[in-house]
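Novice: Construct the entire structure; sequences and hints are all you get.
Here is how the chains run, residue by residue.
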Amino acid sequence: MSDRRFALLLMVPAALFLSAFVAWPVVKLGWDSLFDTQPLAGTSEFVGLGNFADVLGSADFRAAALRTVVYTVFVVTCEFVLGLATALLFNALGQRSRVFRTIFLYPLMIAPVVAGLLWRFLLIDNFGIVGQLLSQVRVLSDSNAIGWLSDPDIVLFSVAIPDIWLTTSFMTLVLFAGLQNIPGDVLEAARLDGAGARTMLVRVILPMLRPVIAVALIVRGVDAARAFDVILIQTGGGPQSASQTLSLLIYQTMVRFGEPGRAAAMSIVYLVVLFVVAVVATRTIWSPGGEQR
Amino acid sequence: MNPQSPATPGWSRRSFLQLAGLTGATAALASCAAGGPAPASTGGAGTGASGSISVLVEAGGKAELEKVAALFTQQTGTKVDLVELPYDGLFNRLQTELSAGSVSFDVAALDAVWLPTFAGALAPLDALFTDAVKGDLFDSLVSGAQINGAYVGMPVWTNAEILFYRKDLFEDAKEKAAFEKKYGYPLAPPTTWQQFQDAAVFFTRGTALYGTDVKGAVETEWLAHVGQAGAKGLVLDPSGKVIIDSPEHLKALTFYSNLNNTLKVAPPGAAQVDWGGAQNLFNQGKTAMMRFWAHAFPLIPTDSPIHGKVGAAPMIGGAAGVGGVPGPWYLSVPKSGGKAEQATKFVQFAYDNNALSIKSSLGLAARKSAFAEYAGKPGYEHFAALTATLDGPATKARPTTPKWQQIVDTALVPMLQKSLVPGADYAQLLSAAKGQIESLVS
Amino acid sequence: MRGVGQKRSTVAALWVALVVVVALFGFPFVYLVLTSFKTPSDAIAIPPAVLPRAWSLQNYTAALQAPGVVASFVNSLSTALISTALSIGLGVPAAYGITRFASRAGRVFMSATLVTRMVPPVAIGIPIVAMANALGLRDTPTGLGLAHATISLPLSIWLLCSFFESVPGELEEAARVDGCGRLRALWSVIMPVVSGGVAVTAIFAFLASWNEFLFALLLTATRGQTTPIVIANFQTQFGLQWGPMTALACLYSVPVVVLTLFLQRRIVAGLTLGAVKG
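Chains as they are written, first to last, in this note's numbering: chain E, 6 to 298; chain R, 31 to 472; chain G, 1023 to 1300.
In short, the hints are calculated from the structure, not lab data.
From the three backbone atoms N, C-alpha and C, an ideal C-beta is built for every residue, glycine too.
Mixed in with the good hints there might be a few duds.
What the hints assert, rightly or not - One-sided and incomplete, this derived list gives chain G residues near chain R with beta-carbon spacing under 8 angstroms: (1) Arg1075; (2) Ala1076; (3) Asn1155.
Said to hold, decoys possible - Simulated DEER-style distance windows between Cβ atoms: (4) Ser146/E - Phe1049/G: 15 to 25 angstroms; (5) Ser146/E - Ala218/R: 31 to 41 angstroms; (6) Val32/E - Asp161/R: 51 to 61 angstroms.
Specialist: What follows is the structure, given as structure tokens:
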């Protein structure tokens, strides 16, 4: 047996598994999206692309898609800024900061459902501790001045907090590792050229971190766009659906309203867009020549 | 969104207690006729019937069935697994499993409004509905159980919102004097919208105490006010026409939301206040009055600052008088379940031993005879308020439509939440909701 | 960056900043732990306080006595073990095949694996429920473990590839010259070298399943319910059981916290490796 065939053989079990449990469900989803199915009545009628027309024309779907984009951009931006800042901090302080890096790692390990619950508990009106503490230090006039989870204008950002809390450490650790890989002489040379801290960051450090940043942003972007449990636990998508992202809308359409055809059409649109965005993002910000796999 | 939801055609207009008394004797007979605890017959099945059945139930309602389940196991040898889920989770699970046609449970407790949605997937229980059984259940509960000509659920308990108030505040001499001086009539638990507003304004003391709560995350309470305003139907009229823009609906919304928007007698964050949130505010002593499901009366924790200081009164009334939204629950057996025989037996058993449910922490039941047995006993003071509310002239059940949950989630709750912003245009919100609902039910 | 003319005051300021950042990040979890030791009604007091008025274990006893809680821990554990075993069992040969015998098929497979990472679980959740029903695996740890492997297998392959790539090719060639078969070479020469990497991968596969919510919500009902679902179910309409819920959340985090404490360095290595080498 040639090496090539042997390699193929090694990949077969995993490939079969993923085809059966990921590829096939996606195909099934595509098929389902062509039917108007009423599971409780037991009827199913072929409607071609009717579900897609219906979904794309639906204000709820478009609003949820927009919210998903806003949520993702907000989460990833905050994580990147906070993550880079802490990574630089850790890097500047070196080995002595190791204990803190361990503490910083913890949120990453916590179940999202616990995080969602915890933050609901921290932010909820009347008995949330955050409002209480902020009012005690006189940042807020009273503990309910901000309706974190009840004000539709800000709820989308409030429900993003646990996600940011959970995974900023991922950003930090990845960027920190990237920083450690920057050769000291490059930095030294820049310093000798008289570069200030800001110039160093923008002109030297960030460009050198580019491949790392690209991976971190894409990985987190895809995850944030799929966020489900943290939001479900905190608000269930409310108030006024203001925190209902695509994942929640699909879940609601499918599980609560029992409309599998529409839900499948939404899923397909969601999947395709996510995929295209990820590929385009990879192509654009991945450093050229850096792709080994 | 409602723990104790309603039913169907209006609750019996006849006097609840009177009826209960009249039928007491027949009920006793009926329970024997219907099989009673009859250990001999059920025990016989025990030979092959050991094993277990699983019963899906809303988390709060689980207590209702615990005693019944224990007795069932004792008498038949069949173990009963009570599986509890939150209200929304229960609906979602029923939807998923009944749609898939493969179920993980043998019996489920269903909110009355869900019966029309799931009727097609539920086994008919017509054999259980003998004349004696029908005679001991309230008419509205019997007719609510019948969808497309088949009985698909057996009522287990029913509930309604009543008025909880702080006795220590309402009976305080100083408060009484100050109230009378300000409003010109004596302080008492309110019975009308106007009195309710007055008392709520009176007891609002900065952020230390609020008059009442306003719940933006649930719709049933507003619906009760719609009934009180004299609407022909809640959201839909009996013929199925959407009437959410009627003057009665507008009056109710104005009353409901103005408590928050103009009178400002409710704690902040009304848009996301749900049953649990409202209950905690009251139990923590932050609100002077709460409109809430009757079952919560015996549930006030002993370490709560207001324990022992709470009174129960019938729900307030509007132009059409006192009214509530009845919240009955039914036990149903899925068609696709594997243990239909034992499941049906459990449903029958739960009916026979309905009075046991009253001894649970929820303290609710469905049979007239069961209520009659406990009326007037100490610890069941809320029964009078509950029965008076269920018996109120404006009491109306929610409409029978398979799309009800969807109407609630996508139209009613968002509409209420939008109305809780100062300056909201109530009429415009209602007419927008009308369009949405029409597209759902058409 | 370091050590070049940093003033002492700058260093002190950086330390202060670090402590503040870490404290802010740590506070929510500390508050969760503190709340779990309050009495049930103190946990939802208005206004809330950071410290318990009286320390109490009531929430823990209430949480552990709630039906299904202990069983759910067993389910979580068996589900996570099944999905970890699947991910490693299928992932190791696949990653080895991809990295050792660089081929077109390998690259295609790798990209396909990455694509599966972009599939929203909510999208494939429903078809998977139907499949689990058909296989008779609904509401079982096995069924849920299979579903979780759809998340952790791609992740495992990705991580394992990085580890295999770092093994010098000569090592394997030497083994082959010694007359080892290809499978033998993988098992007795390569595996010992990458065992650390496999362990890290296993931790991640385990955590992915341990913390997963959506598939567990869709696929389990009673017998197979995992703890995240039980925690979420404490939010009932009939009252706020936040005290017991926080206790359960704390208990569920204990294994993870311990794991992190002991394997911190490896976890960091695993987290960064994939991305940095990416």
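Novice: Now look at each hint and say whether the structure bears it out.
Specialist: Do the hints match the structure? See the list:
no.: 1; hint: Arg1075; in the structure: violated, 11 angstroms
no.: 2; hint: Ala1076; in the structure: violated, 10 angstroms
no.: 3; hint: Asn1155; in the structure: holds, 5 angstroms
no.: 4; hint: Ser146/E - Phe1049/G: 15 to 25 angstroms; in the structure: holds, 22 angstroms
no.: 5; hint: Ser146/E - Ala218/R: 31 to 41 angstroms; in the structure: holds, 36 angstroms
no.: 6; hint: Val32/E - Asp161/R: 51 to 61 angstroms; in the structure: holds, 55 angstroms
The structure fails to meet hints 1 and 2 from the earlier list, while all remaining hints are met.
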